[in-house]
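Peer 1: Residue numbers (the working numbering), protein chains in the order written: chain A, 20 to 83; chain B, 882 to 1137.
Don't read these hints as lab results, they were simulated from the structure.
These numbers come from a predicted model, not from an experiment.
The beta-carbon is built from N, C-alpha and C at its ideal position, and this holds for glycine as well.
Be aware that one or more of the hints could be misleading.
Listed below are several chain B residues computed to face chain A (Cβ distance under 7 angstroms; list not exhaustive) [stated by the list, open to error]:
#1 I937
#2 S952
#3 R955
#4 E969
#5 G973
#6 N974
#7 K985
#8 L987
Covered stretches of chain A, as calculated for chain B (at least 3 residues, CB under 8 angstroms) [as the list claims (entries may be wrong)]:
#9 57 to 68
#10 72 to 81
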Amino acid sequence: MIKINGERIETEELPLLAYLLEHGYNPKRIAVECNEEIIPKSAYDTCILRDGDVIEIVGLVGGG
Amino acid sequence: MNNDKFILGGKEFDSRFILGSGKYSMELIKAAVENAGAQIITLAVRRTNTKASENILDFIPDNVTLLPNTSGARDAKEAVRIARMSRELGCGNFVKIEIMKDSKYLLPDNNETIKATEILAKEGFVVLPYMYPDLYAARALQDAGAAAVMPLASPIGSNKGLATKEFIQILIDEIDLPIIVDAGIGRPSQACEAMEMGCAAVMANTAIATAGNIPLMASAFKNAIEAGRAGYLAGLGRVLERGAAASDPLTGFLRD
């Protein structure tokens, strides 16, 4: 199970870039964290998410 | 006034108005930025999904410096995480530290803010900590490497004005960093007053976002901040302890 933005995905392995593109994310407009560590954009295409990983995908919104 | 630059984190700004981008409809954000003449805009970092069709960055002019905040952080560790994510988002190295555990009054936790400031300044961030105006905390923030100090005027989003005026004045007088009033400024006159006191800049969001006419209020704040700055630079006239002092020649009208 991999958790992405709180949602559980029942899979053992998931290539990050394929997931992002499949879900319509623009890699330039997001930051991705795996188990509280930033994944650099340069590593998106080689990063494979594993069972137990907790992923956060964040972007910018209006705020003070 | 033309050479009166606001220097922050090694960058030069002509505007001393930092505009928050929360609570607007996307169409109004651009008008607010333009009418405010703001060169620094705050943003927040949140979980994203691709269902939202509009991205706020499409509405902010390219020459504006982005100032992501760490809102949502309850301690230093979370603030550091958010700051690192914001840098990865391409925001540059400016960050406004905002740490609060209290969800009723939204008051900043100065102790955690000092901890986060120290970590992030060492990592090369230009750290702008939102804080409760306390002299000891401001000194500790300065020692921790803050680029400015951002004391609150009154609770966030309250539009109540300079409730902490006396304590902000102490920071202006004692802290050798730009003092940027953040939170609670509700009217142009209050922004003007903060600038007259010697604040380096004013940050406002709710005052503009909840105004009847957003572009007009953005422009009113711009003018007020410029007027207050000019007043500060000019040096305010003295206040009499008591009595009066005539402004007219002290001769009687048509009499000897």
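Peer 1: Against this structure, judge whether each hint is valid.
Peer 2: Status of the hints after comparison with the structure:
For I937 of chain B, the shortest C-beta to C-beta distance to chain A is roughly 6 angstroms, which falls under 7 angstroms, so the interface hint holds. Interface restraint check: S952 of chain B against chain A, minimum CB-CB distance 6 angstroms, threshold 7 angstroms, status holds. Restraint check, R955 of chain B versus chain A: the minimum CB separation of about 15 angstroms is more than 7 angstroms; hint violated. Contact between E969 of chain B and chain A, as hinted, is supported at the beta carbon level, the nearest pair being about 4 angstroms apart and thus within 7 angstroms.
Given hint, G973 of chain B at the interface with chain A, is violated; its Cβ is 12 angstroms from that chain's nearest Cβ, farther than 7 angstroms. Annotation: interface hint on N974 of chain B violated; nearest CB of chain A at approximately 14 angstroms, more than 7 angstroms. Because the smallest distance between the Cβ of K985 of chain B and any Cβ of chain A comes to about 17 angstroms, over 7 angstroms, the interface hint for this residue is violated. Interface hint at L987 of chain B: violated, since its Cβ lies 10 angstroms from the closest Cβ of chain A, which is beyond the 7 angstroms cut-off.
Proximity of the region 57 to 68 of chain A to chain B, defined as three or more residues with a beta carbon under 8 angstroms from a beta carbon of that chain, is established by the 3 residues found. Only residues whose C-beta sits within less than 8 angstroms of a C-beta in chain B count toward coverage, and the region 72 to 81 of chain A has 7 of them, enough to reach three; the restraint holds.
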